[in-house]
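All chains should be modelled from the sequences, with the hints used to inform the complete structure.
Given next are the chains, with one letter for each unit.
2 protein chains.
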Amino acid sequence: MPAGATADYILTGAWGEKAVAEARKIGDVHVAADTSAGGYRDLPATITLSAQPAYVHLTSNETIQGVQWHNLPDLGAAPLIADMSSDILSRPFDASRFALIYAGAQKNLGPAGATVVIIRRDLLDRGRRDLPTILSYATYAKNDSLYNTPPAFAVYMLDLVLGWIGDLGGLEAIAQRNQAKAGLVYGAIDRSGGFYRGHAAPQARSLMNVTFRLPSEELEKQFVAEAKTAGMVGLGGHRSVGGIRASLYNALEEESAQALAAFMDEFLQRNG
Amino acid sequence: MPAGATADYILTGAWGEKAVAEARKIGDVHVAADTSAGGYRDLPATITLSAQPAYVHLTSNETIQGVQWHNLPDLGAAPLIADMSSDILSRPFDASRFALIYAGAQKNLGPAGATVVIIRRDLLDRGRRDLPTILSYATYAKNDSLYNTPPAFAVYMLDLVLGWIGDLGGLEAIAQRNQAKAGLVYGAIDRSGGFYRGHAAPQARSLMNVTFRLPSEELEKQFVAEAKTAGMVGLGGHRSVGGIRASLYNALEEESAQALAAFMDEFLQRNG
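Residue numbers (our numbering), protein chains in the order written: chain U, 1 to 272; chain H, 1 to 272.
In short, the hints are calculated from the structure, not lab data. Don't be surprised by glycine CBs; every beta carbon is placed ideally from N, CA and C. Heads up, some of the hints might be wrong.
[As the list claims (entries may be wrong)] Now the stretches of chain U that chain H is said to cover, found in silico as 3 or more residues with beta-carbon under 8 Å:
| hint | stretch |
| --- | --- |
| 1 | 110-120 |
| 2 | 123-134 |
| 3 | 148-155 |
[Claimed, not checked] List time: in silico DSSO-like cross-link candidates among lysine-lysine, alpha-carbon distance up to 27 Å:
| hint | chain 1 | residue 1 | chain 2 | residue 2 |
| --- | --- | --- | --- | --- |
| 4 | H | 228 | U | 18 |
| 5 | H | 18 | U | 142 |
| 6 | H | 25 | H | 142 |
| 7 | H | 25 | U | 25 |
[To be verified] What follows is a set of in silico ranges between Cβ atoms, one per label pair, in the way DEER data are often shown:
| hint | chain 1 | residue 1 | chain 2 | residue 2 | range |
| --- | --- | --- | --- | --- | --- |
| 8 | H | 149 | U | 269 | 52 to 62 Å |
| 9 | U | 168 | H | 96 | 47 to 57 Å |
| 10 | H | 128 | U | 269 | 49 to 59 Å |
As structure tokens, this is what we get:
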């Protein structure tokens, strides 16, 4: 964000909120769209950009709310920046639409510790010089990502994961696999007659994080506990929103999604 | 560094220079001592603090020059901050003398990716609020080091390394081992009749990084090449200073230091 400029943020969940809070420490921010009034269930119907935004920032997938962009909005000439931490490499995407993509490795790429950044060269040159050196992407570009001692194990594992995705058939294949997995769990929601209530609007449903509620918090607790007994852990929703969250990142096998969907059907039969 | 305050820096090598350059982006800096005029060979004879420094920063071991603090200077009441990245856990030390210690893991603690910070509580409260969230130590303290997704593998390995040091007999034992290793290599320098010239003044010699020169750059190249053939890699000095550097971090076995000292004796016999 050059000094004196304004940056636009599109908020569709908790990670966008964190991003905008950080941006406000650096300069002027305009919230171009914000779906919090509806509980972050949908993508924004309208986006109102500022006069000449330095960039427009969005979160391609919101993990806590389970809301994902499936078609990018048309934002004209404004440089588009995406936090893709939770859905990069889960599907093909047109990188040429973005001026800057950043993604922590720990969801789809490898173990925690590495972050992947894809940045257009002109943004490197436009970056501010008054930030700490390690917060300037130009530092990493100039030093071939070796300004600091890199987390070699995390980078090595990332390379192995890329090879694994290639062996599976690449991004098209992993996207099919991810669609199949999400389809199984959303299917169990949709045939439950309202027992399971999906948080996200159908058109905004995340393929990575399926979020839903049960008729009561008591049933949600019972669901999480019985799922755990059946070998399925980590199904409690984020503490800030409650409910159930099934994360279906690249590493999860289709069999696991099948097992969850079958458990959901069976739990409904017993408690519906 | 509170707004309006001055921070004092003691420079004994390249890492201190980097630290002071970062500090200048945040506030006023006073260089209290600087041994660069002598080529960073020694610890400073005099330290001239500013009137009321917010803190005094030093680098306990400078890896590139091979200069290490063995006795801390008396700095009165000023909070002392140390970059201990390259000698933490190499020897016992009195942590109560420090207000803040920070250390990248990758020398003596474990794989790259984790950083250890030991900070006095009153410094947490005094920290500036206008920095990016991830650059505030208070963020980590408040969130039990789980504000970000931690590099779990690096943290796990650090725990294993701590167990290994404990099994060896703790810090006293690792310090004896490190002294013995450094003694072997410095011994080969000292008995070479000036063929090997140690960079650091004897009282400032690092137990972690033994830096020395040979009579010519040609001989230095030959030394590095022949050492490599003999199975000893990484002996070239940092590109900014040249010469030879033998790093003897905790993980290096005493046998390796013995092998290097024997090679140095033998290389001298053939080329002295």
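Evaluated hints:
Given as covered by chain H, the stretch 110-120 of chain U passes the check, having 3 residues with a CB less than 8 Å from a CB of that chain where 3 are the minimum. Proximity of the stretch 123-134 of chain U to chain H, defined as three or more residues with a beta carbon under 8 Å from a beta carbon of that chain, is established by the 4 residues found. Look at the stretch 148-155 of chain U against chain H: 6 of its residues bring a Cβ nearer than 8 Å to a Cβ of that chain, three or more, so the hint holds. Under the criterion of a C-alpha separation no larger than 27 Å, the hint pairing residue 228 of chain H with residue 18 of chain U is inconsistent with the structure, at around 50 Å.
For the hint linking residue 18 of chain H to residue 142 of chain U, the alpha-carbon distance of about 16 Å falls within 27 Å, and the restraint holds. Straight-line distance between C-alpha atoms of residue 25 of chain H and residue 142 of chain H comes to about 26 Å, which keeps the hinted pair within the 27 Å bound. Distance restraint check for residue 25 of chain H and residue 25 of chain U: the Cα-Cα separation of roughly 15 Å lies within the 27 Å cut-off, and the hinted pair is therefore satisfied. Taking 52 to 62 Å as the suggested C-beta distance range, the pair residue 149 of chain H and residue 269 of chain U does not conform, at roughly 37 Å.
At about 55 Å, the CB distance of residue 168 of chain U to residue 96 of chain H agrees with the hint of 47 to 57 Å. Range check, residue 128 of chain H to residue 269 of chain U: about 57 Å between beta-carbon atoms, so the 49 to 59 Å window is met.
The structure fails hints 4, 8 (numbered hints given earlier, in ascending order).
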